[in-house]
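Here the structure of chain A is known, so what remains is to put chain B in place on it, guided by the hints.
Protein chains: 2
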Amino acid sequence: MMKDAASMPLAEGIASKDVRIHSRFWSRYAELVKDTVIPYQYEAIHDRIPEAEKSYAIQNFRIAAGLEPGEFNGMVFQDSDVAKWLEAVGYCLQTQPDEELERLADEVIEIVAAAQQPDGYLNTYFTIKAPDKRWTNLAECHELYCAGHMIEAAVAYYEATGKRKLLDVMCRFADYIDSVFGREPGKIRGYDGHQEIELALMKLYRATGEKRYFRLSRYFIDERGQAPNYLTEEWEQRGRQTFFPDMKDFGGDYAQAHEPVRQQREATGHAVRAVYMYTAMADIAGESGDAGLMEACKRLWDNLTGKRMYITGAIGSQAFGERFSFDYDLPGDLAYAETCASIGLIFFAERMLRLEQDSKYADVLERALYNTVLAGMSLDGKAFFYVNPLEVVPEACEHHNKQHVKPTRQGWFGCACCPPNVARLLASLGKYMYSVRERTAYIHLYMGSESTLNVDGRRVRLMQETDFPHASDGIIRVYPESGEAVLAIALRQPDWCPALQVRINGEPVSTDGLSDKGYIVLERAWGAGDEIELTLEMPIIRMQANPLVRETIGKVALQRGPFVYCVEEADNGNRLHELQLPASAALQEEHRSGLLGGITVIQGTAERTAEDGWAGRLYRPAEKEGTASQDVTFIPYYAWANRECGEMSVWVRQS
Amino acid sequence: MMKDAASMPLAEGIASKDVRIHSRFWSRYAELVKDTVIPYQYEAIHDRIPEAEKSYAIQNFRIAAGLEPGEFNGMVFQDSDVAKWLEAVGYCLQTQPDEELERLADEVIEIVAAAQQPDGYLNTYFTIKAPDKRWTNLAECHELYCAGHMIEAAVAYYEATGKRKLLDVMCRFADYIDSVFGREPGKIRGYDGHQEIELALMKLYRATGEKRYFRLSRYFIDERGQAPNYLTEEWEQRGRQTFFPDMKDFGGDYAQAHEPVRQQREATGHAVRAVYMYTAMADIAGESGDAGLMEACKRLWDNLTGKRMYITGAIGSQAFGERFSFDYDLPGDLAYAETCASIGLIFFAERMLRLEQDSKYADVLERALYNTVLAGMSLDGKAFFYVNPLEVVPEACEHHNKQHVKPTRQGWFGCACCPPNVARLLASLGKYMYSVRERTAYIHLYMGSESTLNVDGRRVRLMQETDFPHASDGIIRVYPESGEAVLAIALRQPDWCPALQVRINGEPVSTDGLSDKGYIVLERAWGAGDEIELTLEMPIIRMQANPLVRETIGKVALQRGPFVYCVEEADNGNRLHELQLPASAALQEEHRSGLLGGITVIQGTAERTAEDGWAGRLYRPAEKEGTASQDVTFIPYYAWANRECGEMSVWVRQS
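Chains as they are written, first to last, in the numbering used here: chain A, 5 to 659; chain B, 5 to 659.
Since no wrong hints were added, every one of them can be taken at face value.
The list cannot tell twin chains apart, which means a pair is met if one copy fits it or any two copies do.
Calculated cross-link-like contacts (lysine-lysine; reagent style DSSO-like; alpha-carbon spacing at most 27 Å):
1) Lys133 to Lys252
2) Lys410 to Lys311
3) Lys364 to Lys628
4) Lys628 to Lys311
5) Lys167 to Lys21
6) Lys58 to Lys386
7) Lys215 to Lys21
8) Lys169 to Lys215
9) Lys207 to Lys167
10) Lys207 to Lys169
11) Lys410 to Lys58
12) Lys169 to Lys133
13) Lys386 to Lys410
14) Lys311 to Lys521
15) Lys137 to Lys191
16) Lys302 to Lys207
17) Lys21 to Lys169
18) Lys21 to Lys364
19) Lys133 to Lys58
None of these hints come from the bench; they were simulated from the model. Source: prediction; values computed, not measured.
Only chain A is shown next, with the shape it has when bound in the complex (with noise of 0.2 Å):
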């Protein structure tokens, strides 16, 4: 591994093939995820689901390589589905080898390896449509997109069989790119519209080893935002032309190419595009230790976390541009809240403890993962959120330009970025758990599992051996390689843990001094079979959002451990903003078996605004409203609308 600049202490992260889950909640996930998204998700680029949308996903690429007549049909971006699909499977077959999802695999591999042209290039749109037109519209066309999916599913491929096929494809494609892109006179000095490549490029690089990947990775994140604009040049050579109808903003912040990235101080422009770029500028920094790209990485997730985030990890607040807006405007209605931006903020934070080990981080990537990544899928796998309001009047979202809001999942979109995205993120969670640094092994998350960690030059095992996020507390053995190793097993204290109990091998230790940015960090010879038992305090919390939120002020939202909670209609009727929650009301927890898969629910009593006296009055001079108790069930924010169609609200006024 490179380091171009005076080395500093990375964290490395762990490949999701060392990581076996066997968590009774996450279980579930890895088995929908396998039996239910991928095969839904394989019919549907083939075109065999009769009530979706046809996504002409495989037949592309067919057309592409001679394989049969045709056009191009579908999105301009649509490779990219095929190219999540393979990687999910990439990651599944990393950890449940399955010989007839492999040779699927292998005959889709097939075809996209025969979509390439002599010259390394893959683009079934631009090959079909518009070969002569290459590499003339990186503002709108996702060419470069396209090619940083199908690299990663490469790289996930080849780490789960070993097979290259696709590697060998993405490489040949990679070396063409890097001919064709770069500050060498004759080389396009540009880079992509919808950032992606960047961080593919570096996976390409830590599976290959060939330092031309990290190169042009860093090559397209630096170049980014310099004038004289590519992007805005572009458009000009173009004569102005769009591919996109409504696109207006060329060069500017909704690509993040308003400005060099290392001047960027505010999460700005499409949300997704912003965290895919985030992410491979905190890994190149790592990579090179190049301090002032780290502190953009810094200074951008301050912003982003602490100004313009959900409570749910959501972020990208509005709908127009799948935007960000601007700090503490956090609308939870109109909410955009793009599920892929939430994972895209995931692949962010894990590279930030890679850069720096702060729980802020591991804190951030689990409230999106327990919240809006989970909400955006429902609970039997077959409908996705694309867009995770925290408020929904089922009735308003047909009204004021809320159509994006929709109040129940939809099978499969025309534009099917969300639905592979949450099969491949939740196939290669293993990835998330851990890091290590030196001969410390962070722990983020915790699941039930079992995992093998390279710790300081030595291979080391770790079961969790837990129910959560069902219980709060668990037992973690080690067992290095070596029988004894002296290494430190550092354990988040999760943001929602007030306090926790540790004791290893039995003994209570006092973790007095052991804290370090979030961690217990447990330092000691640690011999084969020790255990660390762990208990987190799992309250419940109400939560308040900074007054500066416009939205939220008054109102609180219950968390539990990782969840954040909310009230839906089919618990406890509709018109829910009548609902007020005294700050003296007693809240019990009460786990629910049979209740949407098995959750936690809160309960309450709040006081419900009267409707009565008001004698079909739009308006009155203003009396005390009388109140009526009601029993409360709040119910995890993940779990929300897989019953009837109804309201929801995360926030419910405080009394």
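What follows is chain B alone, placed relative to chain A:
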């Protein structure tokens, strides 16, 4: 005056020429309209305002008249801008003769008349651009709408000057329309997509006594929404061609053509179209004694004002389609609340007051007038709001599909319906002050004025000496033409007035038993110079909205007299959402003659949520938030956005 059915006690309206307003508050507006708005609009329709978008309105008439070559420009309904200007001029001349203005109007009328086609047809778009396409797209192309506005102008100008030129032109056009539309074989069995002709024909009928204009108006109302749906069939016959690319709703509730008007129960669709139609329905119902139509009007009134009206008298809560949304859906920040819609609501209220003398109609009329309509224009008469939000954070208007909401008034719109609509309303205010039923004169609006009414066949002069709305007392002097007359003067007790005192010729009068539907009816033999001294209590009132309104729950708005108040950043700093008004806070009024043209402000002490203690955090476990006392100043809503651009809110949280 014709009565088709058994006569009902129908009130007569009053012509604005019979009223001279000499109110301190209103005279300023009359002068603004005459000295600023009408001259500005004259220049605008003549394309002589360099900084404004070109109107082309007069140029189109000149081209259609063959006076110059060229192409049609502007909106398809651009003719109506000339009509509304002429109508406003007509009202001005009714009370303030002005030779020069009349000369300018006569010149415009010459051009308009010259554009009339030999068969009577008059519409510059179709004459210039598509002479063979007349009446082929009633749904979108506003031919009858433009005709209606020019008819209103013709009547107003005729009543002002006695000049018949434009009236004759429009009678010829109306006769031609009558020959084209109707149920008889060979006629088009259609109606306009944008209602307006119906109410205009009623005015033409009254001005000329020609019964066929009444019948034609009633035909348009009766035919609307019948099956098969004309607008849908027309669209099919055009091969589903649309004039406006986004137009989708042919024959639906957008244009209130989804069902026959007598069956309609909810105020739906495009708000301006709706209230223009309801106005004509009420007018026709009164004229014909049609009980079914009257019931429909009452039902629609109740739904509109009881479930779908902002506290400012604004209507049409969503930008999408400039439409009503659904019951109790009244978001303050996303509001459409078009100025023109509130003007139409005033028309509707005035017609309802002829049908039924219930102060609820006048209460709404006054609410819309003193709040939304006045807010529609800047204090200098040079800038206008199309959209009248109840809550504005300027930065948020640039995001979230709130682009329809402007934090500052604009000079002149491409679709310039609102400015001339405000002008014509303010120039004809006298019409809305009274109605007369048999021997009762109803006073709906209080303003310093001298009027002549026909009561039970006798002329009666009423002089209001009052500084209302600056003061809430006044003297009404009665001068029957014949020296003494037995008649009733009915004084409206406004909804904002909890109690009033009456003296007649200095003697206190008990009003017990004299109240009838919100009016104090004083019946007696009135002699010349008899005076009614009226004192209305005008307290500061905290108003609350029905709890079914989601956006305003837990909040209050202040009212005093006819004015709804708001907080503005200029007085109270930004982040207005942090303010809470304690239920117990004392509120004082204070007149400030130097502020915003002279307003009475309301002052009190509010609590502002403290921003400190957050240390950059976005969320935290709920604590009792600190608050700091802050003097808070409320100003009348109509006066907002006349200082620097900033936040504004009508509703404030109550603690």
